Each structure stands twice: as structure tokens, then as C-alpha cells.
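Line by line, the protein sequences give chains A and B.
Here the first sequence stands for residues 1 to 242, where the numbers follow this note's numbering.
Here the second sequence stands for residues 1 to 266, where the numbers follow this note's numbering.
Hints are supplied without guarantee of correctness; some may be wrong.
Cβ-Cβ distance ranges computed for the label pairs, FRET-style [as the list claims (entries may be wrong)]:
id : chain 1 : residue 1 : chain 2 : residue 2 : range
1  : A       : K131      : B       : L147      : 24 to 30 Å
2  : A       : G134      : B       : A128      : 43 to 49 Å
3  : A       : S10       : B       : V93       : 38 to 44 Å
4  : B       : G141      : A       : R176      : 44 to 50 Å
5  : B       : V231      : A       : H126      : 28 to 34 Å
6  : A       : S111      : B       : F38       : 17 to 23 Å
7  : A       : S111      : B       : A99       : 40 to 46 Å
8  : B       : D123      : A       : K149      : 37 to 43 Å
9  : A       : E14       : B       : P86       : 33 to 39 Å
10 : B       : F78       : A       : D220      : 33 to 39 Å
11 : A       : K131      : B       : P86       : 49 to 55 Å
12 : A       : G134      : B       : F78       : 44 to 50 Å
13 : B       : I103      : A       : G134      : 35 to 41 Å
Since the hints were derived computationally from the structure, they do not count as laboratory data.
Because the structure is a prediction, the values reported are computed rather than measured.
Think of the CB as a built atom: it goes at the ideal place given N, C-alpha and C, for glycine as much as any other residue.
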Amino acid sequence: MADIVLDVNSVSVEIGGARLIEDITLQVERGSTVAIIGPNGAGKTTLLRAVLGLVPLASGSITLFGVPITQLGDLRKRVGYVPQRLEYDRYLPLTVKEMLRAYVPQASSASIEAALQEVGVHRMLHHPIGKLSGGQLQRVVIALNLLRKPEILFLDEPATGVDIEGESRFYDIIERLREQHHLTVVLVSHDLSVVTRYASQVLCMNRRLLCFGPPAEALDAEMIRLVYGQDTTLYAHREHQP
Amino acid sequence: MMEILQYPFFQRALIASVLLGFSLPLIGVFVVTRRLSFFSEAIAHSAFTGLALSALLMTPAMPTVIAFAMLVTLAIVFTLHRTEIPTDTVIGVYLALCAGAGILLLGVLQGYQTGLFQFLFGDILALAWEDVWLVVVMCVGSVLAVLAMWNALLRVSVHREMAMAMGTSAARVDLLFLVLLAVMVTLSLKLIGIVLVTAMLLLPAAAARNLTHSFRGMALLACVIGGVSSVLGLYASYWFGTASGAAIVVTAAVMFILSVLFRRGG
């Protein structure tokens with residue numbers, strides 16, 4: 001029997017009277033990578049925020065590790081999250097080490113350095129976070145999550161603002177970490193090549209659920225047109241070709 | 001220069017101003033980082049209304065002022081969580097409400113203004129030893145509270161939703177910090193006045209921010225700048241025969257201007 005880590009059951013979310021997502025159902029197995037795709041405004045980020053317990057549900061239920069999301073308590077220590085971009089004050093005088101210490105106070109200096117080394121930004125230890133590029137900062141956030149030793153990692157379009165080469169490297173790191181640390185990964189992406197290369201399951205949505213299953217089965221040309229619009233044509237990007 | 005130290009009033013002023021000059025900037029680094037300077041201003045002004053209320057209701061002044069400041073803090077937090085209105089607008093609404101209510105009550109309490117202004121603008125040279133003890137308790141308490149909340153405050157400051165997703169109760173952190181800030185502002189008002197309280201909260205932290213790339217460095221430097229400004233300002237007021245609170249504020253402002261000139265590049 002499959003080991004279900006995350007169970008989303010007929011979830012709808014309403015904010016300010018507007019229904020942002022409706023009747024979404026999803027089950028995530030331990031160790032899998034699930035990609036959530038859809039056009040802008042489809043409610044992908046809202047679904048992720050609902051799963052993290054950051055927005056109230058209008059209806060439906062969400063359980064993580066078998067516990068209702070609103071009652072996670074200490075189980076939140078097993079949850080990792082990489083937001084779309086860190087919208088913080090770029091001039092805040094805060095070093096990478098200080099940021100990691102704030103989120104993981106029990107981490108030793110050696111473990112902080114090892115986590116940064118694992119994602120290739122160990123030279124940034126004493127750099128102010130405001131001086132990092134978007135890609136470097138996202139890797140620091142991955143290191144932060146690694147220090148917390150999560151069982152499930154949620155990523156919200158984590159490579160936004162990173163160039164295509166950097167994006168590819170970034171997802172390679174995520175995939176390597178997923179294997180090494182036996183992580184379950186749920187990521188929001190707009191990039192179909194990321195979905196086909198890394199995801200074991202894909203959820204397509206446009207406020208409502210459109211498809212869910214392995215990418216090779218769930219994503220055909222008809223479904224892509226349904227998700228992104230009738231005028232959609234697929235082109236292979238040279239950076240993403242094998 | 002040393003002879004002034006023999007006067008007990010100056011000793012008390014020096015101890016109180018150095019302690020407040022050290023502890024208020026430590027809170028101030030989070031006020032500056034979290035852009036809450038307007039909140040401290042609103043709480044300072046709520047003391048007007050609180051004091052007028054205490055006169056009207058014939059209740060003890062300080063407890064009434066603190067209780068009213070707590071009420072305003074809770075109302076601001078409640079409104080922020082119930083609406084999508086930006087923080088500065090919500091604070092502005094309550095500041096306007098406090099100012100309006102304060103002026104109304106002052107109209108009712110003709111003749112009470114002298115006591116009110118004495119309370120609000122403070123005089124650090126007029127402190128009694130029991131005031132100094134209050135300062136000691138306030139400073140030790142606030143430093144311990146800030147250190148206990150340090151990591152949680154930083155997490156919420158860097159990325160609120162990431163902190164919440166990882167188990168930090170951002171609403172509780174906000175409430176605890178705002179309550180601490182409100183208590184420190186209201187307690188300090190009677191001792192050193194509105195201008196000096198807000199100056200000590202903001203100027204050293206703002207100056208320190210210009211001079212360092214680390215948060216711990218910013219906090220330490222802010223405390224040093226606050227303490228040094230207090231001593232220099234107090235002595236300057238003695239030499240030039242000016243108001244001591246104003247001299248401390250101007251000294252801290254000069255430190256800020258110097259920090260702008262010597263700001264670390266990039």
C-alpha cells in the first residue's frame with residue numbers, strides 16, 4: 001500500500017469573496033516529486049499556501065503526515081519551504097550565517113558550512129544576503145531547509161528570476177538532495193521541461209483540477225492546450241535539449 | 001568636567017540615560033528593520049489620551065497610560081489581522097483616533113495641561129532614585145525579552161510566510177514585540193519624554209545600519225552609539241546650559257549624519 005504523506009481532499013479556497021481554487025484533490029506518495037502546473041492566476045501558489053496552512057480553507061480537508069494541517073504543531077519541523085522569492089529588505093544587514101542561525105538556532109557552525117557546501121555556496125557564509133544573486137539566495141534557502149532535515153519540501157517556482165542554465169543546475173541540486181535525503185518534493189512550476197525531467201507526478205490546474213498523474217500519461221498536447229490556452233505551441237529550448 | 005559627577009541629580013541622569021541609551025536602541029534595531037517607527041510614535045501619542053483618561057476617571061496615571069497603550073496595541077494588531085489594510089495606514093488611523101480623543105479630553109480637562117506636558121516631555125535631570133531603579137528594571141527586562149525573541153523576530157523579519165510554514169507563530173511574535181515596545185515607550189515617556197524616546201529607538205539603529213553588514217554588528221553598534229550619545233549629550237547640555245534630552249537627541253542625530261558620510265560602500 002502506498003505511503004501517502006500529503007492528502008488534499010476536495011479543497012477550495014476563497015479570499016475576499018473570490019474563489020481562487022475549487023475542488024482540488026491530490027495525494028502525494030513518500031519519496032515522489034509532484035509538480036503543480038498551470039497558467040498565471042491558476043491558483044498554484046494558493047494551493048501551496050493552503051497545503052502549508054497559510055490560508056484558511058473554504059471547504060475540503062488537508063492532512064500532512066496523517067495530521068490535519070491546522071494541528072501540525074511540532075510536525076512542522078518536518079516541513080521545508082522554498083518561497084518564490086525572498087521579498088525582504090535588500091539593505092538589511094544580515095549575513096548568510098546569521099540568517100541560517102535564525103531559522104535553525106540549534107545548527108552548529110560545521111553543519112551550516114556543510115549544508116552550504118552541499119548546494120555549492122559555502123563561500124557565501126559571511127556575505128550579506130542582500131549581496132547575493134537570486135540563484136545564490138535560493139541555494140542558501142535550500143541549505144536552510146537541509147539543516148532542518150525536512151521530510152517534505154515545498155517549492156514555489158523557486159527558479160523565478162534565475163537564468164535557464166542556473167535553473168537547470170538548481171533543479172539538478174533538488175533532485176540530488178531528494179535522492180540523498182529521501183525527500184518528498186512538491187513544486188510549483190511553469191516550466192514543462194522541469195516537469196517532464198524531474199516530476200514523478202504532475203497536477204495541472206486552472207483554478208480547478210485538470211489532470212493528475214505521471215507526466216507521460218497526464219500531459220498530452222490536448223491537455224497542454226487546455227491548461228495554457230488553444231494557441232499554445234510547444235518548442236524545445238536549446239538549453240533544455242538533452 | 002568631572003565635578004558635575006558629584007551632583008546626585010547628574011549621577012541619576014547619567015545612569016538612566018546610559019541604560020536607556022543602551023536598551024532602547026536594541027529594541028530599535030527591530031523597529032527599524034520591521035519599519036515600526038510610526039507605531040512607536042502612535043503609542044507615544046496614545047499616552048496623551050491615556051493620561052487625560054486617568055485624570056477624567058481619577059485613576060492612577062501610569063497604570064492607566066500603560067493600559068490604554070496596550071488597548072491601542074491590541075486594537076492595531078486586531079485590525080491588521082482582520083483587514084488587508086497596509087500597516088502604516090492602520091497605525092495612522094489609531095494615531096489620529098488617539099490624537100482626536102486626547103484633544104477632546106483636554107478640552108474637558110481645562111487647566112490640567114501643565115501636568116500633562118510635564119509628563120509627556122519628561123526631564124532626565126529631575127529623576128529620583130526610584131525612577132532610576134525603574135529604568136534598571138525596564139532595561140534588564142527589555143534586553144532579556146529581546147534576546148529571548150531574537151531568532152523569532154529575525155525569522156519573521158526576513159520572510160514572514162517561510163517562518164510561519166516552518167512553525168513560527170508570526171502573530172504571537174508580532175504581539176509580544178509590540179507589547180514590549182508599547183511598555184518601553186510609555187514607561188520611558190515620563191522619564192525622558194516623547195522626543196528622546198523615539199530618537200533613542202530610531203537614530204542609533206539607523207546609524208548602525210549604515211556601518212555594518214551583519215545584524216549582530218548592527219545591534220551592538222546601535223547600543224554603543226546610543227550609550228555614547230547619551231553621555232556626550234548629557235555633558236554637552238551641562239557645558240552649553242541647554243536642555244539635556246534635546247542635547248542627547250542632537251548628539252545621536254550627529255552620529256547618524258556621520259554614519260551617512262562614512263557609510264560602508266555598496
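Take a look at whether the Cβ-Cβ distance between A/S10 and B/V93 falls inside 38 to 44 Å. holds, 39 Å
Holds or violated: 44 to 50 Å for the Cβ distance of B/G141 and A/R176? holds, 48 Å
At the C-beta level, are B/I103 and A/G134 separated by a distance inside 35 to 41 Å? violated, 50 Å
Regarding A/S111 and B/F38, is the given constraint of 17 to 23 Å on their beta-carbon distance met? violated, 40 Å
Cβ distance range 28 to 34 Å for B/V231 and A/H126, holds or violated: The hinted range 28 to 34 Å holds for B/V231 and A/H126, with Cβ atoms some 32 Å apart.
Is 33 to 39 Å respected by the C-beta to C-beta distance linking B/F78 and A/D220? violated, 51 Å
Taking the CB of A/E14 and the CB of B/P86, does the distance hold inside 33 to 39 Å? Since the Cβ atoms of A/E14 and B/P86 sit about 22 Å apart, the hinted range of 33 to 39 Å is violated.
Using the beta carbons of A/K131 and B/L147, state whether their distance is inside 24 to 30 Å or not. holds, 27 Å
Using the C-beta atoms of A/K131 and B/P86, is the stated range 49 to 55 Å upheld? violated, 28 Å
A/K149 and B/D123 - C-beta distance against the hinted 37 to 43 Å: violated, 56 Å
Given a hinted range of 43 to 49 Å, is it respected by the beta-carbon distance of A/G134 and B/A128? violated, 57 Å
With respect to the beta-carbon atoms only, verify the hint that A/S111 and B/A99 lie 40 to 46 Å apart. violated, 52 Å
The structure does not agree with the numbered hints 2, 6, 7, 8, 9, 10, 11, 12 and 13 stated previously, though it agrees with the rest.
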